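S.K.: Starting from the known structure of chain A, arrange chain B on it as the hints suggest.
What follows is each chain in one-letter form.
2 protein chains.
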Amino acid sequence: MTSTGFYSSLINVDRAIELATSFIRELDIGVEKINVWSGLNRIIAEDIYAERDQPCCLKSYVDGYAVKASDIQGASFSNPVRLFVKGLLKPGESPSKYVLKNGEAVEVYTGSPLPIGSDTVVMYEDVVRDGDYIDVFKTLSVYSNVAQIGEDYRKGDLLVSRRTVLKPQHLAIIASSGLFEISVYEKIRIGLICTGSEVLDKPVNHIDYGVYNSTCILVKNMVEQLGFTEIKYYGTIPDETSIIDKTLSKALSENHVLITCGGAGFSENDVLSRIVDRKGFYVFRGVALRPGKPTSLAILNNKPVFLLSGFPVAAWCGLEAIVIPVIHKLMGVEPAFKPCFKTILKRNVPNVIGYRSYVRVKIYRVKDELYSEPYGLRGSGVLSSLVKTNGFIIIPEDCEGYSEGSIVDTYLY
Amino acid sequence: MTSTGFYSSLINVDRAIELATSFIRELDIGVEKINVWSGLNRIIAEDIYAERDQPCCLKSYVDGYAVKASDIQGASFSNPVRLFVKGLLKPGESPSKYVLKNGEAVEVYTGSPLPIGSDTVVMYEDVVRDGDYIDVFKTLSVYSNVAQIGEDYRKGDLLVSRRTVLKPQHLAIIASSGLFEISVYEKIRIGLICTGSEVLDKPVNHIDYGVYNSTCILVKNMVEQLGFTEIKYYGTIPDETSIIDKTLSKALSENHVLITCGGAGFSENDVLSRIVDRKGFYVFRGVALRPGKPTSLAILNNKPVFLLSGFPVAAWCGLEAIVIPVIHKLMGVEPAFKPCFKTILKRNVPNVIGYRSYVRVKIYRVKDELYSEPYGLRGSGVLSSLVKTNGFIIIPEDCEGYSEGSIVDTYLY
Numbered sequence: 001m002t003s004t005g006f007y008s009s010l011i012n013v014d015r016a017i018e019l020a021t022s023f024i025r026e027l028d029i030g031v032e033k034i035n036v037w038s039g040l041n042r043i044i045a046e047d048i049y050a051e052r053d054q055p056c057c058l059k060s061y062v063d064g065y066a067v068k069a070s071d072i073q074g075a076s077f078s079n080p081v082r083l084f085v086k087g088l089l090k091p092g093e094s095p096s097k098y099v100l101k102n103g104e105a106v107e108v109y110t111g112s113p114l115p116i117g118s119d120t121v122v123m124y125e126d127v128v129r130d131g132d133y134i135d136v137f138k139t140l141s142v143y144s145n146v147a148q149i150g151e152d153y154r155k156g157d158l159l160v161s162r163r164t165v166l167k168p169q170h171l172a173i174i175a176s177s178g179l180f181e182i183s184v185y186e187k188i189r190i191g192l193i194c195t196g197s198e199v200l201d202k203p204v205n206h207i208d209y210g211v212y213n214s215t216c217i218l219v220k221n222m223v224e225q226l227g228f229t230e231i232k233y234y235g236t237i238p239d240e241t242s243i244i245d246k247t248l249s250k251a252l253s254e255n256h257v258l259i260t261c262g263g264a265g266f267s268e269n270d271v272l273s274r275i276v277d278r279k280g281f282y283v284f285r286g287v288a289l290r291p292g293k294p295t296s297l298a299i300l301n302n303k304p305v306f307l308l309s310g311f312p313v314a315a316w317c318g319l320e321a322i323v324i325p326v327i328h329k330l331m332g333v334e335p336a337f338k339p340c341f342k343t344i345l346k347r348n349v350p351n352v353i354g355y356r357s358y359v360r361v362k363i364y365r366v367k368d369e370l371y372s373e374p375y376g377l378r379g380s381g382v383l384s385s386l387v388k389t390n391g392f393i394i395i396p397e398d399c400e401g402y403s404e405g406s407i408v409d410t411y412l413y
Numbered sequence: 001m002t003s004t005g006f007y008s009s010l011i012n013v014d015r016a017i018e019l020a021t022s023f024i025r026e027l028d029i030g031v032e033k034i035n036v037w038s039g040l041n042r043i044i045a046e047d048i049y050a051e052r053d054q055p056c057c058l059k060s061y062v063d064g065y066a067v068k069a070s071d072i073q074g075a076s077f078s079n080p081v082r083l084f085v086k087g088l089l090k091p092g093e094s095p096s097k098y099v100l101k102n103g104e105a106v107e108v109y110t111g112s113p114l115p116i117g118s119d120t121v122v123m124y125e126d127v128v129r130d131g132d133y134i135d136v137f138k139t140l141s142v143y144s145n146v147a148q149i150g151e152d153y154r155k156g157d158l159l160v161s162r163r164t165v166l167k168p169q170h171l172a173i174i175a176s177s178g179l180f181e182i183s184v185y186e187k188i189r190i191g192l193i194c195t196g197s198e199v200l201d202k203p204v205n206h207i208d209y210g211v212y213n214s215t216c217i218l219v220k221n222m223v224e225q226l227g228f229t230e231i232k233y234y235g236t237i238p239d240e241t242s243i244i245d246k247t248l249s250k251a252l253s254e255n256h257v258l259i260t261c262g263g264a265g266f267s268e269n270d271v272l273s274r275i276v277d278r279k280g281f282y283v284f285r286g287v288a289l290r291p292g293k294p295t296s297l298a299i300l301n302n303k304p305v306f307l308l309s310g311f312p313v314a315a316w317c318g319l320e321a322i323v324i325p326v327i328h329k330l331m332g333v334e335p336a337f338k339p340c341f342k343t344i345l346k347r348n349v350p351n352v353i354g355y356r357s358y359v360r361v362k363i364y365r366v367k368d369e370l371y372s373e374p375y376g377l378r379g380s381g382v383l384s385s386l387v388k389t390n391g392f393i394i395i396p397e398d399c400e401g402y403s404e405g406s407i408v409d410t411y412l413y
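Respectively, the protein sequence lines represent chains A and B.
Letter by letter, the first sequence follows residues 1 to 413 of our numbering.
Letter by letter, the second sequence follows residues 1 to 413 of our numbering.
Just chain A, with the same shape it has in the complex (with noise of 0.2 angstroms):
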């Protein structure tokens, strides 16, 4: 047997997003309608598109009086023009209020519309005022200081497209075309599930040897972060066979997806292995990553189960490269654009030819230099790696490492 072992047939990072998007064709998720107030990082499950222009018609982006700018051509602190003010046009109220003829002006607050005949609004501090008449000292062009009809968005055009994940930005211009209620998908349901008999749960008095749960604090918090997710954590169940099975069928019928951190080896302790083999099939067992070897995929009841090592920076990776993407890939949604900026290596950093690898960095900049000082490939379980950088470097399969002083493609957490 060579060294390679178990997974002497590792398929590659690629291959396994490949695998996992045509095995698992869809998740079945619902739609369903919320108020667009209550819509951070929803998914959308409609195209939105503007009902009118927006603006809908001139409007005054300053406090100032509304002009016709013919008015004021040449207008300047030696030679005013005279203005005769005829009133006030508030925000909200009608352009027909009044109509500018030569020689007229009506004053304006920030977002009032220009009544008609207007072009051109003159800030309160370019002119003085006198009763029933402004002096202007300045000569502007059309439009001047105004928002046009339509500047922002016209009626018909396209504001939000379906399966966009929605940022502030695209609930302000939702809620601005008068959409309050709008069609996203459910939360995706995601089960959590922790096996080994040694991992606790809850502070004990005497730990001896089990360790506490650190990797589904890790996976439900970095999940959850997607915001279009709502997590269900199953605890961390014993070693044994008959409790196993019974959460995972309560699982699956609960949830669109599961993950499970731990218990995916080869090992007789891997019971969660034993279980997929009797009940369902691997979609692949393990991926040529670093770290995050273990990072399989099995199909159960027709529902996807992630399975993650036990391992936290493992678990960390085995999300990162796969379960995430996989994620995005599987509701049509474009993963938001990671910024992958260059640093200077600190450090040569090796890799194993055949290998896709995510070494932590810590990335700091000494004048106008990035850096990216390597934390170091090893150590699966060593949670401080993450707490202690704030990004991350890839090296591709093909690669056998870079060298200090090389300039890294870098991203962060």
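Hints may contain errors.
Just so you know, same-sequence chains aren't split out, so a pair can sit in one copy or run between any two.
Stated by the list, open to error - Here are the computed lysine-lysine pairs in the BS3-like style, where the Cα-Cα straight-line distance is at most 30 angstroms: (1) Lys90 <-> Lys246; (2) Lys250 <-> Lys90; (3) Lys33 <-> Lys303; (4) Lys138 <-> Lys329; (5) Lys346 <-> Lys388; (6) Lys293 <-> Lys90; (7) Lys187 <-> Lys250; (8) Lys293 <-> Lys68; (9) Lys187 <-> Lys388; (10) Lys155 <-> Lys346; (11) Lys293 <-> Lys346; (12) Lys90 <-> Lys279; (13) Lys155 <-> Lys202; (14) Lys187 <-> Lys232; (15) Lys342 <-> Lys329; (16) Lys232 <-> Lys202.
Think of the hints as simulated: they come from the structure by calculation, not from any bench.
The structure presented is a predicted model; accordingly, all values stated were derived computationally and were not measured.
M.R.: Below, chain B without anything else, positioned relative to chain A:
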């Protein structure tokens, strides 16, 4: 009067932040105990130190056999070493269950402690089991496949410092140390008030010349994304002194901070400003910021009131440049490392000397190069400029602008 008018003595952004943090001494935020599982994005109010070494004993990173490295020196395919298997040590069991003598091995699973006397683990795939014996085919050095004592952290190590915004990895490392109840700062309660009689918060059949509220939904969600805030929205209140007065009093008593949108100008319509003049004072009124010039800070009832423009893009900029940095400073929290990456500018962008300008850009990649297409500085009401772009560049006060082809520092929303 010069054309800078009412804002003739505008301070710059840095000075505004400085004034804000010196006038608002503290926000008087309490501390509460919560479970670490619900701690995402909260600000921790205590230093967290490790109470024991992690791991607390040698542990196996793999499934296999714990051995003495000295026993298997020289082992190879052609020259295997035979060892007696004394038993199995499961995760959570005590290392003293077995004491290894020369020529002995103990089966271990991933996460198992190493039995006393062993220092190395041979993976399943590097041995052949034969009844109570294994033949080892590989030479390994001491601590191969082994997590060493304190490899993650040592007893007494500072795991997470006070005033850290808790990310998944922080929660995980706190949980790993056996701490489940943590002290965090209460959420900063932020009251949000919209002014403007013409602003609509609910759909109406015929909107005429009013506008639907988009600025407040943008502000609410941007601030909520911080995670350590709790926003209460007081709705749109008409431009009538008595109503604004009453709402302000209520909001001031219920929150640590207020944010208002609109009504901060100098016209008769800007009721809010008149209340500040009567009942409190301005720390600064207007900032040399584009867009977002009206961004102001007042103190009312000893509490900070940030006044933002009613226009969404100007409000966004006021939040990004002033309000959010000030909140971080007041809480003593390091803002998240915001990646600033280099892009090639696709068009000239001018700046008005003395102003700090936030230019929305569409960042995109062509081959290995990142480009940024500016959306233009104009139109603080043009919400679609925030939807069609994905980041921004900042032009400093002393710069006349950037020309096409310049390499510029670029940020993501």
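S.K.: If the cut is 30 angstroms between Cα atoms, do Lys187 and Lys388 qualify within a copy, between copies, both or neither?
M.R.: Answer is between: at 26 angstroms across copies they meet the 30 angstroms cutoff, but 32 angstroms inside does not.
S.K.: Is it within, between, both, or neither for Lys293 and Lys90, if the alpha carbons may be no more than 30 angstroms apart?
M.R.: Close across copies (22 angstroms), not inside one copy (65 angstroms); limit 30 angstroms.
S.K.: Give the relationship of Lys187 and Lys232 under a CA distance limit of 30 angstroms: within one copy only, between copies only, both, or neither.
M.R.: Result: close both inside a copy and across copies, 12 angstroms intra and 24 angstroms inter.
S.K.: I want to check one pair: Lys187 and Lys250. Are their C-alpha atoms no more than 30 angstroms apart within a copy, between two copies, both, or neither?
M.R.: Cα proximity of Lys187 and Lys250: one copy only (19 angstroms, versus 35 angstroms across).
S.K.: What label fits Lys90 with Lys279 when the C-alpha limit is 30 angstroms: within, between, both, or neither?
M.R.: between (70 angstroms within a copy, 26 angstroms between copies)
S.K.: Is it within a copy, between copies, both, or neither that the alpha carbon of Lys346 lies no farther than 30 angstroms from that of Lys388?
M.R.: For Lys346 and Lys388, only the intra-copy Cα distance (16 angstroms) is at most 30 angstroms; the inter-copy one is 37 angstroms.
S.K.: Within a copy, between copies, both or neither: where do Lys293 and Lys346 come within 30 angstroms Cα-Cα?
M.R.: Answer is within; shortest intra-copy Cα gap is 26 angstroms, inter-copy 42 angstroms.
S.K.: When Cα atoms must be at most 30 angstroms apart, do Lys250 and Lys90 count as within-copy, between-copy, both, or neither?
M.R.: between (61 angstroms within a copy, 27 angstroms between copies)
S.K.: With identical chains, the pair Lys155 and Lys202 could be close in the same copy or across copies; at 30 angstroms between alpha carbons, which is it: within, between, both, or neither?
M.R.: Answer is between: at 20 angstroms across copies they meet the 30 angstroms cutoff, but 57 angstroms inside does not.
S.K.: I want to check one pair: Lys232 and Lys202. Are their C-alpha atoms no more than 30 angstroms apart within a copy, between two copies, both, or neither?
M.R.: within (17 angstroms within a copy, 34 angstroms between copies)
S.K.: Using 30 angstroms as the alpha carbon limit, work out where Lys90 and Lys246 are close: within a copy, between copies, both or neither.
M.R.: between (67 angstroms within a copy, 23 angstroms between copies)
S.K.: Using 30 angstroms as the alpha-carbon threshold, which applies to Lys342 and Lys329: within, between, both, or neither?
M.R.: both (27 angstroms within a copy, 28 angstroms between copies)
Violated hints amount to a single one, hint 4; each of the other numbered hints is respected by the structure.
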